[in-house]
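Colleague: Sequence:
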Amino acid sequence: MAAEAHEASSNTDAPEQKNSTDTSAGRTQRAKKQPRQSLTERVKSIRPLELLPGLLLAAAVMALYTYYSLQQMKHWITPSWDLAIFTQMAQAYSHFSVPIVPIKGPDFNLWGDHFHPILVLLGPVYALFPSPTTLLVVQNALVAFASFAIVRFTQRAFALAQKTEDAQKTEDAQKNEPAQTAQSAKLQSVIPTITGLLLGAGFALSFGVQQAIAAQFHEVAFAVPLLAMSLGYLVLASRVSGTERARYLAYACWWSLPIAFVKEDMGITVAAIGLIIFIRTGWLSTAVDILMPRLSAGTPAPMRIRVHQLYSSWARTPAVAESTMVMIWGVFWSAVAIYVILPYFNSGGNFDYADKVNLSAALGDPFGSALQMLSNNTKLATLGLLLITGAVLWVISPLAAIALPTLAWRLLSTMESYWASTWHYSLVLMPVVFFALLDAVMRIRYGVVPAAIPARLGARAADSASAQEPQTNTEPGRLTATARRMPVWVLPAVALFLAASPIFVPGSQQPLASLGNAQFTASALTTTDQMKRDAVQKVPEGVSVASDLSILTQLIPGRTVYWIGHTGKPAPDYVVIDRMSNSWGGNPPTNAAQYAADRYGNSYAKYATVGTIDIVRRVD
Numbered sequence: 001m002a003a004e005a006h007e008a009s010s011n012t013d014a015p016e017q018k019n020s021t022d023t024s025a026g027r028t029q030r031a032k033k034q035p036r037q038s039l040t041e042r043v044k045s046i047r048p049l050e051l052l053p054g055l056l057l058a059a060a061v062m063a064l065y066t067y068y069s070l071q072q073m074k075h076w077i078t079p080s081w082d083l084a085i086f087t088q089m090a091q092a093y094s095h096f097s098v099p100i101v102p103i104k105g106p107d108f109n110l111w112g113d114h115f116h117p118i119l120v121l122l123g124p125v126y127a128l129f130p131s132p133t134t135l136l137v138v139q140n141a142l143v144a145f146a147s148f149a150i151v152r153f154t155q156r157a158f159a160l161a162q163k164t165e166d167a168q169k170t171e172d173a174q175k176n177e178p179a180q181t182a183q184s185a186k187l188q189s190v191i192p193t194i195t196g197l198l199l200g201a202g203f204a205l206s207f208g209v210q211q212a213i214a215a216q217f218h219e220v221a222f223a224v225p226l227l228a229m230s231l232g233y234l235v236l237a238s239r240v241s242g243t244e245r246a247r248y249l250a251y252a253c254w255w256s257l258p259i260a261f262v263k264e265d266m267g268i269t270v271a272a273i274g275l276i277i278f279i280r281t282g283w284l285s286t287a288v289d290i291l292m293p294r295l296s297a298g299t300p301a302p303m304r305i306r307v308h309q310l311y312s313s314w315a316r317t318p319a320v321a322e323s324t325m326v327m328i329w330g331v332f333w334s335a336v337a338i339y340v341i342l343p344y345f346n347s348g349g350n351f352d353y354a355d356k357v358n359l360s361a362a363l364g365d366p367f368g369s370a371l372q373m374l375s376n377n378t379k380l381a382t383l384g385l386l387l388i389t390g391a392v393l394w395v396i397s398p399l400a401a402i403a404l405p406t407l408a409w410r411l412l413s414t415m416e417s418y419w420a421s422t423w424h425y426s427l428v429l430m431p432v433v434f435f436a437l438l439d440a441v442m443r444i445r446y447g448v449v450p451a452a453i454p455a456r457l458g459a460r461a462a463d464s465a466s467a468q469e470p471q472t473n474t475e476p477g478r479l480t481a482t483a484r485r486m487p488v489w490v491l492p493a494v495a496l497f498l499a500a501s502p503i504f505v506p507g508s509q510q511p512l513a514s515l516g517n518a519q520f521t522a523s524a525l526t527t528t529d530q531m532k533r534d535a536v537q538k539v540p541e542g543v544s545v546a547s548d549l550s551i552l553t554q555l556i557p558g559r560t561v562y563w564i565g566h567t568g569k570p571a572p573d574y575v576v577i578d579r580m581s582n583s584w585g586g587n588p589p590t591n592a593a594q595y596a597a598d599r600y601g602n603s604y605a606k607y608a609t610v611g612t613i614d615i616v617r618r619v620d
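Position 158 of the sequence shown, counted from 1, bears residue number 158 in the numbering used here, the numbering being contiguous throughout.
Warning: the hint list may mix true and false statements.
Stated by the list, open to error - List of simulated lysine-lysine pairs, DSBU-like, C-alpha gap at most 35 Å:
1) LYS163 with LYS356
2) LYS74 with LYS538
3) LYS379 with LYS356
4) LYS569 with LYS74
5) LYS606 with LYS569
6) LYS569 with LYS538
Said to hold, decoys possible - So the derived label-pair ranges between C-beta atoms look like this:
7) TYR353 with ALA159: 38 to 48 Å
8) SER603 with SER508: 32 to 42 Å
9) GLY364 with PHE332: 32 to 42 Å
10) LEU404 with TRP254: 39 to 49 Å
11) SER508 with GLY364: 57 to 67 Å
12) MET292 with ALA159: 36 to 46 Å
Source of the hints: derived by calculation from the structure; they are not laboratory data. Treat the numbers as computed from the prediction; the structure is a model and nothing was measured. Glycine included, C-beta positions come from ideal geometry on N, C-alpha and C.
With the hints as constraints, model all of the structure from the sequences given.
Modeller: Here is the structure:
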């Protein structure tokens with residue numbers, strides 16, 4: 001980070017330090033500036049064969065997880081009611097309506113539960129394919145796209161790094177080793193793709209992705225491709241200097257902005273991304289030089305002038321103002337969501353999850369809170385699993401800091417389910433882990449490229465000499481030199497092995513291990529599966545129905561569905577009770593009609609019985 005924070009002295013916007021030499025240098029720099037490619041030109045420059053490996057991996061990931069999701073739905077595997085909740089939400093959006101979700105309670109507005117406006121994008125898709133399975137397929141597609149992005153950004157990062165490395169080689173060295181250069185060229189051309197495939201496959205098979213797919217649809221899936229794009233450009237930015245770095249950092253800023261609309265806590269993650277972008281601009285050293293000039297340079301200017309120079313430099317240095325705005329943007333939306341939007345739409349007038357994390361206690365006693373986070377075996381197991389998922393060395397990348405906000409609220413929570421490695425809570429950490437691993441691999445192999453971003457002069461400044469020829473850390477230490485001799489694909493291969501191997505361990509709890517279970521992969525429906533399907537078909541469309549978790553999700557298309565947990569009005573037209581459902585804890589109602597009458601205050605009569613499922617209908 002220290003090397004990245006280094007800034008050329010030309011970035012300092014101090015008028016007394018400018019002279020005619022600066023002007024002539026700037027004129028020379030502008031003469032050297034290469035014309036920027038248009039979007040059409042950049043698209044035409046893409047070679048389809050380079051995209052093919054990533055596309056094939058994405059297709060494989062999509063096929064694998066879609067098959068898993070379809071088997072879940074076929075065999076009526078329902079981990080929670082969340083898929084039903086989001087299906088009702090998507091159904092409302094498809095009708096251009098506010099997300100009223102009766103499963104959560106009569107007239108319950110989901111905008112009062114979690115802040116996820118990005119999910120309005122599900123509306124048009126659900127309108128075309130009105131099924132809970134649609135949400136699962138969308139989630140799988142988002143994960144598959146992130147896998148492709150990892151491969152593509154790996155290829156591009158290596159191309160940039162190798163370009164810089166080749167530029168540093170002398171012609172004499174190339175003449176002395178013509179055979180070696182020619183022989184290694186073919187190998188070097190495939191290594192980035194192989195490394196990218198290893199990273200992409202490791203991500204796709206990581207515990208966070210597997211558990212999220214098994215937990216079925218959740219809003220955080222939309223953060224995955226956005227994180228992949230933003231972090232990918234951050235990795236590219238670390239391989240170049242000058243205005244090219246500024247361009248990649250700007251892309252990282254833009255891709256991070258929508259993440260704030262995924263969930264209320266993700267705004268803090270956006271702010272963390274903005275901070276990393278801010279650091280990678282290299283402007284911090286310039287700011288320090290302006291505010292605290294060296295005494296050897298003469299009498300410092302008054303503080304008022306230095307503050308003005310600081311602001312001018314901040315505004316004119318590419319990506320600095322943008323990254324600052326990203327930090328403000330993220331904090332703003334998290335604060336507004338938690339303190340304004342969610343309480344406004346919540347029937348209780350508050351944020352339902354405010355008591356799950358005691359932030360005031362954490363800020364008041366940070367040391368004690370840190371000890372608390374490490375005082376539980378489940379928490380330690382999750383942290384350990386997260387550490388080895390990225391082959392440990394991912395933590396040497398500054399990008400690893402982006403995982404801290406999510407880890408903080410999870411480990412400080414009073415909810416035990418937040419601590420574990422199961423469910424969907426680790427999904428947003430997986431892009432961070434694997435892009436941090438990619439960044440770490442690039443740092444180990446190629447060193448660090450200083451920022452050297454020039455200040456904007458009027459419209460846009462030209463590249464400085466250092467921007468045209470970025471210099472890497474060419475004198476590594478002994479340990480670093482040893483690490484550089486290691487093939488670049490080793491760490492990604494280790495990460496893939498650590499991700500995939502638990503699947504094949506007997507008794508594994510990883511979801512994909514279910515693919516070795518004949519009951520899970522069976523194409524034929526079991527008696528229980530057939531019973532549940534028949535029960536859903538017995539309930540007419542266009543009615544309101546209350547049900548336990550057993551067939552809750554599948555009842556939604558075409559019906560107004562309530563969870564059987566609500567009482568009073570409105571009384572549903574039908575009530576469905578599966579006596580074998582886990583919802584009853586082994587003590588189901590013996591008389592479904594009487595149970596429904598007592599719960600809703602209306603008269604019910606037996607409508608149908610399908611196996612262990614009783615269906616009653618309101619008769620008054």
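Colleague: Now, for every hint given, state plainly whether the structure supports it.
Modeller: How the hints compare with the structure:
1. LYS163 with LYS356: violated (50 Å)
2. LYS74 with LYS538: OK: LYS74 and LYS538 at ~18 Å, within 35 Å.
3. LYS379 with LYS356: Judged against 35 Å, a Cα distance of about 16 Å means the pair holds.
4. LYS569 with LYS74: holds (33 Å)
5. LYS606 with LYS569: Holds, because 20 Å separates the two Cα atoms, which is no more than 35 Å.
6. LYS569 with LYS538: holds (24 Å)
7. TYR353 with ALA159: 38 to 48 Å: For ALA159 against TYR353, whose Cβ atoms are near 44 Å apart, the range 38 to 48 Å holds.
8. SER603 with SER508: 32 to 42 Å: violated (50 Å)
9. GLY364 with PHE332: 32 to 42 Å: violated (24 Å)
10. LEU404 with TRP254: 39 to 49 Å: Roughly 23 Å apart at Cβ, these two residues miss the hinted range, so it is violated.
11. SER508 with GLY364: 57 to 67 Å: violated (42 Å)
12. MET292 with ALA159: 36 to 46 Å: holds (39 Å)
The structure does not agree with the numbered hints 1, 8, 9, 10, 11 stated previously, though it agrees with the rest.
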